Amino acid sequence: MSTLLQVPLPTEEKTYIDKVVAERLGRPGALLGILEAAQERNRHKYLPLEMLRYIAIKTETPLSRIYSVATFYSLFNLQAQGENTICICRGTACHTRGSRNLLQGARLDLGLGLEDGEADGNEADKLLLTTPDQKFTVRTVACFGQCAMAPVVEVNHRICGHATERTVQREIATIRAGE
Amino acid sequence: MAQKKLSIRIDGQLISAEEGQTILQAAKANGKYIPTLCALDGLTPVGACRVCLVEVSGVDRLFPACTTPIQDGMSVTTNSPRLTRYRRISVELLLIERNHVCAVCVSNGHCELQSMATAFGINTVEFAYNYPKLSLDTSHPRFVLDHNRCILCTRCVRVCAELEGAHVWDLTSRGIHARIVSEMNEKWGQATSCTSCGKCVQACPTGALAEKGWAVEEMVKNLGTVTTLVHRRGVEV
Ligand code: FES
Ligand code: FES
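From first to last, the protein sequence lines stand for chains A and B.
Quick note on numbering: the first sequence equals residues 1427 to 1605 in our numbering.
Quick note on numbering: the second sequence equals residues 182 to 418 in our numbering.
These aren't lab readings, by the way, just hints derived from the structure by calculation.
Note that the structure is a prediction, hence the values are computed from the model and not measured.
In this text, a Cβ means the ideal position worked out from N, Cα and C, and glycines have one as well.
Mixed in with the good hints, there may be bad ones.
As the list claims (entries may be wrong) - In silico negatives: residues of chain B with every beta carbon more than 10 Å from chain A:
(1) Leu243
(2) Arg269
(3) Gly302
(4) Trp350
(5) Arg355
(6) Thr406
Unchecked claim - Cβ-Cβ distance ranges computed for the label pairs, FRET-style:
(7) A:Phe1498 <-> B:Ser320: 20 to 26 Å
(8) A:Thr1441 <-> B:Ile303: 31 to 37 Å
(9) A:Lys1561 <-> B:Arg360: 31 to 37 Å
(10) B:Thr319 <-> A:Lys1440: 47 to 53 Å
(11) B:Ile357 <-> A:Lys1440: 48 to 54 Å
(12) B:Ile303 <-> A:Thr1522: 31 to 37 Å
To be verified - Derived, one-sided and incomplete: chain A residues facing chain B with beta-carbon distance under 10 Å:
(13) Lys1471
(14) Leu1475
(15) Leu1478
(16) Lys1484
(17) Pro1488
(18) Leu1489
(19) Val1495
(20) Tyr1499
(21) Ser1500
(22) Gln1560
(23) Ala1568
(24) Gly1571
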């Protein structure tokens, strides 16, 4: 029991997780659902390490296993996310349709600079940048499975196909105007 | 209940094997050699290294012997120019992925990857080296982890989870970024679930996990300690 008490989480968070775990445990793929629910509830849409630790204890999953699952799927974030997420596909189809320009455009529009990530050619993996005011997060995925509509950009979980730099600019402007 | 017997052919020889066995198990039981890197007796096979590829007649694609269950009437070929080529490529890909600099490795001369490369006559590689910049974890009082030598066979992960029951290790991330991690990316020395039993070190085929205090060529692994334990625990091999 002592390990449980050591996890510094607010009681209501613990109660919520306890409920979700009780509902799902034993079903196939339970861990994924539990992690997703925990992330959805988090204000910054991410899974803090204490949360992972608590879920690990509650589900009797080894810590390394839970960390492995949470880092394998690009759905899960281990860092705090901005209020709005712009997710740009860097898969092959979208790449050939110019998604690099979309990514660079979005980064410039949001004042995120172009320094990191680009140079080492790693941006197809998990690039994740958040503006200092926590309003926007720009991230990449390696294919949405919507290649026919390439290049694809996802704005707050809404898919925009055949996107251009103008589309991205307009989306950002709309979100800014709406605040 | 007695296992159902199946008849299969391995390299033309008729063999009777038990239902549920993998091709590798059936081959081993009958004294046939199939090269392996990630498979280890008594641990769940994962098919990570692709060195054990075999041909099954009537099917075009190759099958990893360690994870493919046998089927009645199956005819398996364990050696052919095509297989040698594919196995070679698998080993070459492992070699280019990290920094396998044998000359300065504690496991030089006692490394399964090195032996495999020698067995396939690999002295050059067809692909460009990756030269990733990877870290070393020396935080454990008795052991070291060198990501530069890791081939991600996950033998350490499985031996720790399945034999020791501690599950200190697992894989994080995907693809080229995949790494072995202890607990939640903790330093190994800080991992509270680690019992310092050293099974992962003995199970590691390369110099990625080693005991401290050894110089180049001095880390001789004792895989026997792991396999003896498997037998003693009555794990089906
Ligand atoms: S490559 Fe972008 S959706 Fe498939
Ligand atoms: S031994 Fe079969 S894939 Fe590694």
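Outcome of the hint check:
no.: 1; hint: Leu243; in the structure: holds (25 Å)
no.: 2; hint: Arg269; in the structure: holds (27 Å)
no.: 3; hint: Gly302; in the structure: holds (32 Å)
no.: 4; hint: Trp350; in the structure: violated (6 Å)
no.: 5; hint: Arg355; in the structure: violated (6 Å)
no.: 6; hint: Thr406; in the structure: holds (23 Å)
no.: 7; hint: A:Phe1498 <-> B:Ser320: 20 to 26 Å; in the structure: holds (24 Å)
no.: 8; hint: A:Thr1441 <-> B:Ile303: 31 to 37 Å; in the structure: violated (58 Å)
no.: 9; hint: A:Lys1561 <-> B:Arg360: 31 to 37 Å; in the structure: holds (32 Å)
no.: 10; hint: B:Thr319 <-> A:Lys1440: 47 to 53 Å; in the structure: violated (36 Å)
no.: 11; hint: B:Ile357 <-> A:Lys1440: 48 to 54 Å; in the structure: violated (37 Å)
no.: 12; hint: B:Ile303 <-> A:Thr1522: 31 to 37 Å; in the structure: holds (35 Å)
no.: 13; hint: Lys1471; in the structure: violated (19 Å)
no.: 14; hint: Leu1475; in the structure: holds (6 Å)
no.: 15; hint: Leu1478; in the structure: holds (6 Å)
no.: 16; hint: Lys1484; in the structure: violated (15 Å)
no.: 17; hint: Pro1488; in the structure: holds (4 Å)
no.: 18; hint: Leu1489; in the structure: holds (4 Å)
no.: 19; hint: Val1495; in the structure: holds (9 Å)
no.: 20; hint: Tyr1499; in the structure: holds (9 Å)
no.: 21; hint: Ser1500; in the structure: holds (9 Å)
no.: 22; hint: Gln1560; in the structure: violated (24 Å)
no.: 23; hint: Ala1568; in the structure: holds (9 Å)
no.: 24; hint: Gly1571; in the structure: violated (16 Å)
The structure shown violates the earlier hints numbered 4, 5, 8, 10, 11, 13, 16, 22 and 24.
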